[in-house]
Each structure stands twice: as C-alpha cells, then as structure tokens.
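Once you've looked at the hints, dock chain G against the given chain Y.
Listed below are the residues making up each chain.
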Amino acid sequence: MEIFRTFVPSLLAFKFSEDEPDELEKLFDQWEDPFYLNEFFEENEKDIDISIEEAIEKARSESKFLRKKLINLTASKPIRLNELFKNLNNYEIKPKLLSPQKAPNRWLRLYAIRIDKNVYIITGGTIKLDGGAIAATKQYRMQDRNHTNEELKKINRCRDFLLDEGVIDEESLNEIFEL
Amino acid sequence: MNMKKIDKLNSLISEKKSGWLDKAKWREENEVWLDISFAIAVKILGALRENKKSNVFPKNQKELAEAMDCSPQYINKVLKGAENLQLETISKIGNILEIQLIEVPKTEKIAQEVYSPDWAAEPINSYVANRKQIEFPKVKRGLLAASLSKTQKIEQKGIAYTSMMNKFTFEEDFDNDPNYPLKIVA
Chain Y
1 MEIFRTFVPS LLAFKFSEDE PDELEKLFDQ WEDPFYLNEF FEENEKDIDI
51 SIEEAIEKAR SESKFLRKKL INLTASKPIR LNELFKNLNN YEIKPKLLSP
101 QKAPNRWLRL YAIRIDKNVY IITGGTIKLD GGAIAATKQY RMQDRNHTNE
151 ELKKINRCRD FLLDEGVIDE ESLNEIFEL
Chain G
1001 MNMKKIDKLN SLISEKKSGW LDKAKWREEN EVWLDISFAI AVKILGALRE
1051 NKKSNVFPKN QKELAEAMDC SPQYINKVLK GAENLQLETI SKIGNILEIQ
1101 LIEVPKTEKI AQEVYSPDWA AEPINSYVAN RKQIEFPKVK RGLLAASLSK
1151 TQKIEQKGIA YTSMMNKFTF EEDFDNDPNY PLKIVA
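Heads up: the protein sequence lines correspond to chains Y and G, in order.
Here our numbering is used: position 43 in the first sequence is 43, and no number is missing along the way.
Here our numbering is used: position 184 in the second sequence is 1184, and no number is missing along the way.
Chain Y extracted, bound-state conformation:
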C-alpha cells in the first residue's frame, strides 16, 4: 500500500497494487473507458432506469465534469479542498432513506479520509446507482451492492493502515468524505 501525491500537494491518493495506478488515476481511467462502463452497467442493469447506452453516456459526462472541476482546482489559490468534499457522516454506511428524487443525482463518487483540515487521501470511488431495484427498496446502504461494499472495505483498510502508522487517531474515525 502506497500513498501518492496527486496534482495538488494536499490531495493524496492510495495505490494498492504494483500493476495499477493510484486510485484517482485508476478511477478516471475506468470512467472514461466505454468497455469498463459497459460491463459495469450490464452487471448492474437492475439498478438503472435508463438504457445501458444512456447510463454509459451519463457516467462519462459526469467524469468529464469532475475532471474539469479538478483541473480548475489547480488554478485556484488557496486550494480549498474542503469546499469540494462533503462529510459522509456515516449516512451511507447506515441505512439511508431515499426520498423521491427532485433532480437527477450524480453517480460518480470519490471517497477520501481527511487527515488534517485541508489534507485528504483518496481511498477509492465508485458509481453509486440510485434507480431500479435500489429505488424500490426505499433505502440504501453501501453494503447492499458488491461494488459499494468493496469501497467500504477499502475505506476501513486505509483507515486501519493510517491508525497503525500513527498518522490519524481514534478521533479521526468519522472523517470520511466524498466528492
């Protein structure tokens, strides 16, 4: 497990495997890859209310939006990462009641652990779907789907690693953020 600096010094990212890039780079590679997205939406077709082609387009558009947002961040001074990330507050870890949607939700998520006021380490991210079978259950937990549950496990692994290394302490345990 390694930690890489990203495009701004206060935003770091975990790298879990020798053969793969760090989590930030890997996620955007996946989100810009039609083959990956096609497989993902074929596997999770029950959780979308639109066609697979439309879902791929939506994910790609969101990826472009996030990419531009992050690129713009490099030009801003001071860099305010805390305006970008919002606290998960465990609301996704515990069951979350789904209210009727007023506007389409963003699907793409980056997860990060905050280790100081403006220092974040990205642990991973995912495509968090909110239609079809998920909408029908009226509540959503990250444990309910394999891909989101995997992200939960990664967050916990990273948190344990940082605890063991003495970078964070018990007080930081709820400092999980998403973008």
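Keep in mind the hints are simulated off the structure, nothing from the lab.
Incorrect hints may have been included.
[Stated by the list, open to error] Pair by pair, the computed Cβ-Cβ distance ranges are:
1) E18(Y) <-> D1022(G): 12 to 22 angstroms
2) S1011(G) <-> N72(Y): 23 to 33 angstroms
3) C1070(G) <-> N82(Y): 41 to 51 angstroms
4) I1102(G) <-> F65(Y): 17 to 27 angstroms
5) R157(Y) <-> E1088(G): 18 to 28 angstroms
[To be verified] Mimicking DSS-like on lysine-lysine, the simulated pairs with C-alpha atoms at most 27 angstroms apart in a straight line are:
6) K117(Y) <-> K1004(G)
7) K1016(G) <-> K26(Y)
8) K46(Y) <-> K1059(G)
Treat the numbers as computed from the prediction; the structure is a model and nothing was measured.
Note that the Cβ used here is the ideal one computed from N, Cα and C, for glycine as well.
Only chain G this time, still in chain Y's reference frame:
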C-alpha cells in the same frame, strides 16, 4: 495535525507522483476525437450486446476481431475508446455489424434540391427506373453526374426534361470522353 503526525505522513508518501493530471490534460486536448471514439465504442458494444442476445455473429470482441481480420487487442483498444480510428476501419466495422457509426451532414441546399418533391415527380425518374444501369442522381460537390452508356446518352438527346432544364444545363462532351460522362451542372 501535529509535527509528529506530519512527519509520519511524509514518510509514507511515495516519491512517485500520480499520473492523473497528465492524463487529464491529454484528455482535454484531445477531447473532440476522443468524444467521437467513445461514442463509436458505445455503439459497437451495443451492437455486440444485441448480437449476443440473438446469437448472431459477431457477438463479442474476439468474433469481431475474426470478422475484421485483426487482433483482439486492436478491437479491445477500439472498445476502450482509445483508438484514433481511420474512416476505413469505421466503415468496415459498421458493415460487419450492420450499423451506421458515423454520419457527415450533407450539404443542405443540394440535398434539398435533389430530394425535393418537384424532383420526385420529374420524368427523369421514370427514365432512370426503366434503365437499370443508370445511377442518377449522385451528389458530388454540388454537381450531378450520371454515368450512361453511349447508346443511352444518344437516346437521351431527344428527351425533353423541361423542368430539369430550368435548373440545369447539360454538358454533353461524351464524344470526346471514353467514359462518356454526362454532367449536369447547377
């Protein structure tokens, strides 16, 4: 965050840097063709999915590579939207999967004239229908061209295309041209 923790963190940070920014900038700079390449890949993947459902060849990237007579690795690159495709390749894939992958809008003025209701009723159409060899009209850079045999052209000399003549003049130079091109110039 106290100094001790900062030092701990710094000791864990790799000297290597994320490649995200370089890739992000490259994607911004190449956005136009990457968008087209992405859209083509999505359409191919959709066609392969439909073929798989109805068990029609080619139904996966391996079979598409077979049909294309290329490597599965190349098809994988195409399906990842990372290949700057040649028009020939796009057309070949489109023909194999029987889908249209790319469309360039026709010049509107000429397209409107050629497909206008006035034209549809012209005697030229019945003339064309009776002579299978004739391809008419073909639109090329604002020029209408018909390939006719010498006999057909000679026959045609006596035919009055009244309303056609309102729009075009004939360039009858077939006597000097071995291919007997008949050009109708707007």
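How the hints compare with the structure:
1. E18(Y) <-> D1022(G): 12 to 22 angstroms: Roughly 20 angstroms apart at Cβ, these two residues keep to the hinted range, so it holds.
2. S1011(G) <-> N72(Y): 23 to 33 angstroms: 31 angstroms, holds
3. C1070(G) <-> N82(Y): 41 to 51 angstroms: 49 angstroms, holds
4. I1102(G) <-> F65(Y): 17 to 27 angstroms: For I1102(G) and F65(Y) the Cβ distance comes to about 25 angstroms; the hint holds.
5. R157(Y) <-> E1088(G): 18 to 28 angstroms: Because 48 angstroms falls outside the window, the suggested range is violated.
6. K117(Y) <-> K1004(G): It holds: about 16 angstroms lies between the C-alpha atoms, which stays within 27 angstroms.
7. K1016(G) <-> K26(Y): 15 angstroms, holds
8. K46(Y) <-> K1059(G): 22 angstroms, holds
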